[in-house]
Amino acid sequence: MSRFHDLTQLPDARGHFGPYGGRFVSETLSFALEELENIYASLKNDPEFQAEFDYDLKHYVGRPSPLYHAERWSREIGGAQIWLKREDLNHTGAHKVNNTIGQALLAKKAGKPRVIAETGAGQHGVATATVAARLGLKCEIYMGAEDVERQKLNVYRMHLLGAKVVPVESGSRTLKDAMNEALRDWVTNVDDTFYIIGTVAGPHPYPMLVRDFSAVVGREARRQSLEQIGRLPDALVACVGGGSNAMGLFYPFVEDDDVAMYGVEAGGEGVATGRHAAPLTANAPRGVLHGNRTYLMSDEGGQVADTQSISAGLDYPGVGPEHALWKDVGRVRYVAADDNEVLAAFRELTLVEGIMPALESSHALAHAKKLAGEMSPEQHIVVNLSGRGDKDIHTVAKLDGIEF
Amino acid sequence: MNRIEHNRIDQRFAELKAQGRTALIPYITAGDPAPAHTVDFMHACVEAGADVIELGVPFSDPMADGPVIQKACERALVHGTRLQHVLEMVAEFRQRDSETPVVLMGYLNPIERMGYDVFTRQAQASGVDGVLVVDMPPEEAGDNAALFAEHGLQSIFLLAPTTSEARARAICEHGEGYLYYVSLKGVTGAATLDADAVGEQLNKLRRITELPLCVGFGIRDGATAAAIGRVADGVIVGSALVGRIAEHADDPASIPAALKSILGEMREALDREAAG
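The listed protein sequences correspond, in order, to chains A and B. The letter at position 322 of the first sequence is residue 322 when you use the working numbering, and the numbering goes up by one with no holes. The letter at position 41 of the second sequence is residue 41 when you use the working numbering, and the numbering goes up by one with no holes.
Mixed in with the good hints, there may be bad ones.
[Stated by the list, open to error] Listed below are several chain B residues computed to face chain A (Cβ distance under 7 Å; list not exhaustive): (1) S60; (2) R75; (3) H79; (4) L108; (5) N109; (6) P110; (7) E112; (8) R113; (9) G115; (10) D135; (11) E140; (12) N144; (13) T162; (14) G186.
[Stated by the list, open to error] Straight-line Cα separation of at most 20 Å, SDA-like style, residue types lysine to any residue; simulated pairs: (15) B:K185 <-> A:E269; (16) B:K185 <-> A:D191; (17) B:K260 <-> B:G276; (18) B:K185 <-> A:E34; (19) B:K185 <-> A:T188; (20) B:K185 <-> A:E35; (21) B:K185 <-> A:F31; (22) B:K185 <-> A:R114; (23) B:K185 <-> A:P113; (24) B:K185 <-> A:L232; (25) B:K204 <-> A:F31.
[As the list claims (entries may be wrong)] Listing some non-contacts, in silico: residues in chain B with all C-beta distances to chain A over 12 Å: (26) D61; (27) R207; (28) D250.
No lab work stands behind these hints, which were simulated from the structure alone. It should be emphasised that the depicted structure is a prediction, and the values quoted were computed from it without experimental measurement. We treat Cβ as the ideally placed atom computed from N, Cα and C, and that holds for glycine.
Only chain A is shown next, with the shape it has when bound in the complex:
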């Protein structure tokens, strides 16, 4: 049996992953979380609910997404074979929609006419606005004012989808502040509102249910590896902000002890500079934010640190609690890729394979390139290409001195 079998039995009844996770929220939200926990518990193993979820993933999202062999890029690197799990080909262009489909179904079952969400890069906001449009739910998206500026395209997409985008001016005006504001909205409108959290963080049961909805990625990748490679891959690589796409890819492989896993955090200007968003790589101290205990970047007085990353979607000072545990037990190695490495990978994949990756996913690509170079051509790496890069053209063009 796998020496990591215990990891599949988590969280415990109160939402803890070892010392991490939990439900650290103000009292007003406790009942809503208990309600969500009960609804999910009643539906989790309900074949009808699962069938509805699977149907939507197939016919609305377009699953399964391909596992693509990046032959030319692998050849150029001259090491291991790199395979891309093409979540960029999903409807709305990223893995985020897997989770929002699932949570929207829960909102419907809970009878809530309104959904809210936080978003960084805008991918989760777009995915939420999309399912809200389809189900006729009222939708408000909280987005840091700085992110509204650097992700204008997604802001307009959400607007077209009928969602209201609320720029958040407080704090560092990025993802964490958007989450604060979404929590404030929820505490005020808890009777009629469902909060669709976009990552494997937040209070219990969110880390668990976002993981479960995202794990379709890893289940497919595992099956596709067996079919296309003829065996399991040697390594998996995915970027980690809150950690939902990495969790989705990794989780179904947890008990495959021979499959190495690498979570790639946002190195920003370099982990050594302190200007990054890599709490696991930097061994940030334990802390509590947004309802869970985890590795959290904060100053000595416990004030949450400002983070730095070229990608809005990874610009977050904490990380999902299950990743925190996986670091401690050594199941996954967490590393960082800095902004320059990320941009290089973005350009390289676009030129060599004709696939333009999201800057978030480019973190995974940057590390996969390093890793592949140290491996042999008989070995295989599966990278989660979690989203497409159209939304980032504005950012990259600006670095090239071009304004549209």
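Go by the hints and put chain B onto chain A.
Then chain B, alone, in the frame of chain A:
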């Protein structure tokens, strides 16, 4: 559990009960608008009739607070106010006031980062009486509540209109000092409240606990204080005071008088209500 016999909070509520009076509990954010003023503000509150002081520990991500207290946190943090400094402020306050209970109110992360052992020891030494951690419900308090108790720190918990009866029972069982009833769904500083509805909720709670029931959220002047005073054992006033501090942030010397004016009006209204 190992409790200090004469906890200031219990003592204060016993006195109030004997006098038939309602507790007036101001909240201010430590370090707002600058750390040098906080102790003066605390004394001003007591002079205006405060029975307990809730001293806010500023936090970068005050998720349960509205814009007024968010901004107060930002002003305090700009000046570098950290938990360590807040404890020093309480110690300084204690040099002149050994009787008024002080409750620290805030979020868990500053305590987590300082370390629970260090925090409880220093808080006790500084003269803190109670701790209200907004994002630490009883089920997550675990060993911390016992550790707090060992150091004479009472754990104050929140109750909300959304709290189920089963949860309310559990919370009342763990709660010490008083219970903070959040009168509204929402963040601090939000909308107006319905005193009758609050009263109804409090009556239900009185069947399961003997702890004093104090109400926060939505109390802004003498009239709202008096209306809540009719049904509660204490009224907590936060955003209304912090808003006043913000208005006078450019002239901190004028703030004690401003605090006294608003608290004085509430004190008078509460005592008139109690006498009537």
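The hints, checked one at a time:
1. S60: holds, 4 Å
2. R75: R75 of chain B check fails; min Cβ-Cβ to chain A is 13 Å, beyond 7 Å.
3. H79: violated, 12 Å
4. L108: Status holds, d = 5 Å.
5. N109: Result: holds, 4 Å to nearest chain A Cβ.
6. P110: holds, 3 Å
7. E112: holds, 5 Å
8. R113: Given a least distance of 3 Å, the restraint on R113 of chain B holds.
9. G115: violated, 10 Å
10. D135: Holds - the Cβ of D135 of chain B comes within 7 Å of chain A, reaching about 4 Å at its closest.
11. E140: holds, 5 Å
12. N144: violated, 11 Å
13. T162: Where the cut-off is 7 Å and the nearest Cβ of chain A is about 4 Å from T162 of chain B, the hint holds.
14. G186: Hint holds; G186 of chain B Cβ to chain A Cβ min 4 Å, cut 7 Å.
15. B:K185 <-> A:E269: violated, 41 Å
16. B:K185 <-> A:D191: Status holds; Cα separation ~9 Å.
17. B:K260 <-> B:G276: Violated, at about 23 Å.
18. B:K185 <-> A:E34: Roughly 16 Å separates the two Cα atoms, so the pair holds.
19. B:K185 <-> A:T188: holds, 5 Å
20. B:K185 <-> A:E35: With Cα atoms ~16 Å apart, K185 of chain B and E35 of chain A stay inside 20 Å; holds.
21. B:K185 <-> A:F31: holds, 12 Å
22. B:K185 <-> A:R114: Holds, at about 16 Å.
23. B:K185 <-> A:P113: Given pair K185 of chain B, P113 of chain A holds - Cα atoms ~18 Å apart, limit 20 Å.
24. B:K185 <-> A:L232: violated, 50 Å
25. B:K204 <-> A:F31: holds, 18 Å
26. D61: violated, 5 Å
27. R207: holds, 19 Å
28. D250: Correct as stated: the minimum Cβ-Cβ distance to chain A is 21 Å, above 12 Å.
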